[in-house]
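Read top to bottom, the protein sequences are chains A and B.
This note's numbering numbers the first residue of the first sequence as 1 and each following residue consecutively.
This note's numbering numbers the first residue of the second sequence as 1 and each following residue consecutively.
Since the hints were made in silico from the structure, they are not lab data.
You may find that some hints are simply not true.
DSSO-like, lysine-lysine: derived pairs with alpha carbons at most 30 Å apart [stated by the list, open to error]:
#, chain 1, residue 1, chain 2, residue 2
1, A, K162, A, K150
2, B, K43, A, K54
3, B, K59, A, K80
4, A, K102, B, K43
5, A, K80, B, K169
6, A, K102, A, K80
7, A, K162, A, K80
8, B, K133, A, K102
9, A, K162, A, K140
10, A, K83, B, K161
11, A, K80, A, K175
12, A, K83, B, K133
13, A, K140, A, K83
14, A, K54, A, K140
15, A, K140, A, K150
16, A, K162, A, K175
17, B, K161, B, K133
18, B, K174, B, K43
19, B, K161, B, K43
20, B, K133, A, K80
21, A, K54, B, K59
22, A, K54, A, K175
23, A, K102, A, K83
24, A, K175, A, K150
25, B, K161, B, K59
26, B, K133, B, K59
27, B, K161, B, K174
28, B, K59, A, K83
29, A, K140, A, K175
30, B, K174, B, K133
What follows is the residue order along each chain.
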Amino acid sequence: MRRYGAVIKILFFCLGVGLLWPAGAPADDFAALRRDAARIRTISADFVQQKHMKILSRPLVSEGRFYFAAPDSIRWEYNKPLKSIVLSSGGNTRRYFFSGGKIIEDTAGGAQAMGLVLAEVAAWMKGEFDANPSFAASVKEGADTVVTMKPAEKNMAGMIEKIEITLSRKEPAIKTVRIVENASTETRINFSNMVINQPVNPSLFQEVP
Amino acid sequence: MKRVLLMLTVVLALSCQAGHEIKLFDRPPAESSACPCPYPQTKSRFIHAIEVRSFPDVKTALIGVTLIDPASRSISCALMSAEGMAVFEASATPAGLEISRALPPLDSQNFARNMMDDIEMIFLPPQSTDIQKGTLADGRRVCRYQSNDGWLDMAGGEGGKIEIKRYEKGGGLKRCVTLAAGASGHYEAIELAAPGIFGYRLTMTLIDSQGPDGELFVPDENRGGDK
């Protein structure tokens with residue numbers, strides 16, 4: 001379970017970094033990043049996730065919505081193909097899935113692992129991205145900014161190869177997160193309709209659906 | 001709570017248990033000579049939402065991908081979380097089992113072997129040529145495939161359902177699978193129950209199925225999304 005938690009930690013780390021990376025900031029200036037991140041109070045965005053695996057002839061597409069409210073509230077909601085929701089707020093994390101029209105709380109332990117992860121995400125929300133020793137990050141400037149992160153921990157070998165975050169330089173939004181697990185397995189998440197610092201109903205972080 | 005769990009365990013254990021005696025046909029009537037055959041005839045890929053319930057009160061949901069090649073009797077499968085994280089990948093051929101990814105708690109050889117056996121039971125036809133045909137106590141026609149370590153019963157049910165049960169040599173029920181016929185075939189809704197104290201129940205709902213295409217992986221240049 002520890003390794004699974006570590007993998008999920010990486011997943012949410014890159015999402016946290018990506019969603020909060022301000023456009024136009026000097027890519028290697030983490031102090032500026034921390035200053036800009038401190039101004040973010042809420043985020044909501046749609047996402048489309050494509051899972052590529054050797055076993056699939058075409059990507060498995062998932063869709064959903066992401067919400068964040070400072071300091072540490074997150075709602076990560078998949079609408080299809082498997083309807084599920086992760087809620088995290090005040091150190092309490094729960095995961096739900098839908099079955100036969102009913103909402104069922106996931107009791108397999110994944111929520112606990114994600115609780116540890118999301119507690120760290122709260123730190124990342126403060127812009128403390130360079131404080132995490134689990135990653136070695138590099139930045140490539142171009143039409144967009146691409147941040148590439150490679151796990152520094154040996155126990156990640158064979159599980160996550162790299163994470164690429166593509167950031168728009170024109171507007172304060174992330175475009176894509178790409179998590180490469182190995183040569184044939186990767187997850188690509190495209191964000192759209194991102195809204196920053198608009199009111200988000202607090203009940204979204206407490207209740208399902 | 002303990003009482004509920006005990007009752008659930010008993011229900012799991014008994015739900016598929018009763019009536020494995022069959023009355024054999026002396027001479028099978030013509031219309032009963034064909035045994036149920038829900039199995040794919042060509043290389044096929046199935047993607048299911050899988051709801052898992054197991055002891056003591058574990059409830060979770062995963063996405064499962066299964067690739068079947070009936071010609072070579074090979075199986076590839078992957079399990080991933082709703083968030084898309086692959087937690088298990090393995091393939092099996094008559095030559096053996098190869099696990100390419102297994103994150104805890106799914107990292108035991110036993111889990112992989114049992115999972116492959118379950119998939120084989122659901123998606124590949126029995127290999128036994130020792131087949132008996134008859135009726136169950138409830139009157140349903142059944143085909144019984146004998147093997148060295150037990151037998152497997154296949155019987156039709158209401159609404160085109162197919163019920164597959166695997167028994168060990170002593171008569172103990174090991175697995176009970178129900179395939180519900182739907183517009184997309186017999187794999188639209190699958191129920192699998194493994195009875196016993198540490199039993200589990202899987203409810204699988206088809207998300208997508210794909211026929212043979214020869215291409216297993218989409219090259220990078222053909223992928224959708226932003227580049």
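Hint by hint, here is what the structure shows:
1. For the suggested pair K162(A) and K150(A), the alpha carbons sit about 5 Å apart, so the restraint of at most 30 Å is met.
2. Pair hint K43(B) plus K54(A) holds up; C-alpha atoms about 15 Å apart against a cutoff of 30 Å.
3. Distance restraint check for K59(B) and K80(A): the Cα-Cα separation of roughly 19 Å lies within the 30 Å cut-off, and the hinted pair is therefore satisfied.
4. About 35 Å separates the Cα atoms of K102(A) and K43(B), which puts this hinted pair outside 30 Å; it is violated.
5. Between K80(A) and K169(B), the direct Cα distance comes to roughly 43 Å. Violation of the 30 Å bound is thereby established for this hinted pair.
6. A threshold of 30 Å between alpha carbons decides the hint, and for K102(A) with K80(A) the separation of about 15 Å falls inside it, so the pair holds.
7. A C-alpha spacing of about 26 Å is found between K162(A) and K80(A), which places the hinted pair at or below 30 Å, so the restraint holds.
8. As the CA atoms of K133(B) and K102(A) are separated by approximately 41 Å, the hinted pair breaks the 30 Å bound.
9. For the hint pairing K162(A) with K140(A), the CA-to-CA distance comes to about 14 Å; that is within 30 Å, so the pair holds.
10. Of the supplied pair hints, the one linking K83(A) and K161(B) holds, its CA atoms being roughly 26 Å apart against a limit of 30 Å.
11. Between the alpha carbons of K80(A) and K175(A) the distance comes to roughly 20 Å, so the proposed pair stays at or under 30 Å and holds.
12. At most 30 Å may separate the alpha-carbon atoms for a hinted pair to count; K83(A) and K133(B) exceed this at roughly 43 Å.
13. Taking the CA atoms of K140(A) and K83(A), the gap is near 35 Å; set against the 30 Å cutoff, the hint is violated.
14. The straight-line distance between the Cα atoms of K54(A) and K140(A) is roughly 28 Å, inside the 30 Å bound, and the hint therefore holds.
15. For the given pair, K140(A) sits about 14 Å from K150(A) by alpha-carbon distance, which is consistent with the 30 Å threshold.
16. A distance of roughly 17 Å separates the Cα atoms of K162(A) and K175(A); the hinted pair therefore holds under the 30 Å criterion.
17. For the proposed pair K161(B) and K133(B), the alpha carbon gap of about 18 Å is at most 30 Å, so the pair holds.
18. Only pairs whose Cα atoms come within 30 Å are accepted, and K174(B) paired with K43(B) is accepted, the gap being roughly 27 Å.
19. The hinted pair formed by K161(B) and K43(B) meets the criterion: a straight-line CA distance of about 23 Å does not exceed 30 Å.
20. Of the pairs offered as hints, the one joining K133(B) and K80(A) is violated, with about 43 Å between alpha carbons and a cut-off of 30 Å exceeded.
21. At roughly 28 Å between alpha-carbon atoms, K54(A) and K59(B) fall within 30 Å of each other, so this suggested pair holds.
22. Of the supplied pair hints, the one linking K54(A) and K175(A) holds, its CA atoms being roughly 25 Å apart against a limit of 30 Å.
23. At most 30 Å may separate the alpha-carbon atoms for a hinted pair to count; K102(A) and K83(A) meet this at roughly 11 Å.
24. Taken as a hint, the K175(A) and K150(A) pair is honoured in the structure, with Cα atoms around 19 Å apart against an allowance of 30 Å.
25. For the proposed pair K161(B) and K59(B), the alpha carbon gap of about 25 Å is at most 30 Å, so the pair holds.
26. Distance hint between K133(B) and K59(B) is unfulfilled; the C-alpha atoms sit about 38 Å from each other, more than 30 Å.
27. Proximity of K161(B) to K174(B) is assessed by CA-CA distance (about 20 Å); at most 30 Å being required, the pair is judged to hold.
28. A distance of roughly 15 Å separates the Cα atoms of K59(B) and K83(A); the hinted pair therefore holds under the 30 Å criterion.
29. Between K140(A) and K175(A), the direct Cα distance comes to roughly 15 Å. Compliance with the 30 Å bound is thereby established for this hinted pair.
30. The straight-line distance between the Cα atoms of K174(B) and K133(B) is roughly 21 Å, inside the 30 Å bound, and the hint therefore holds.
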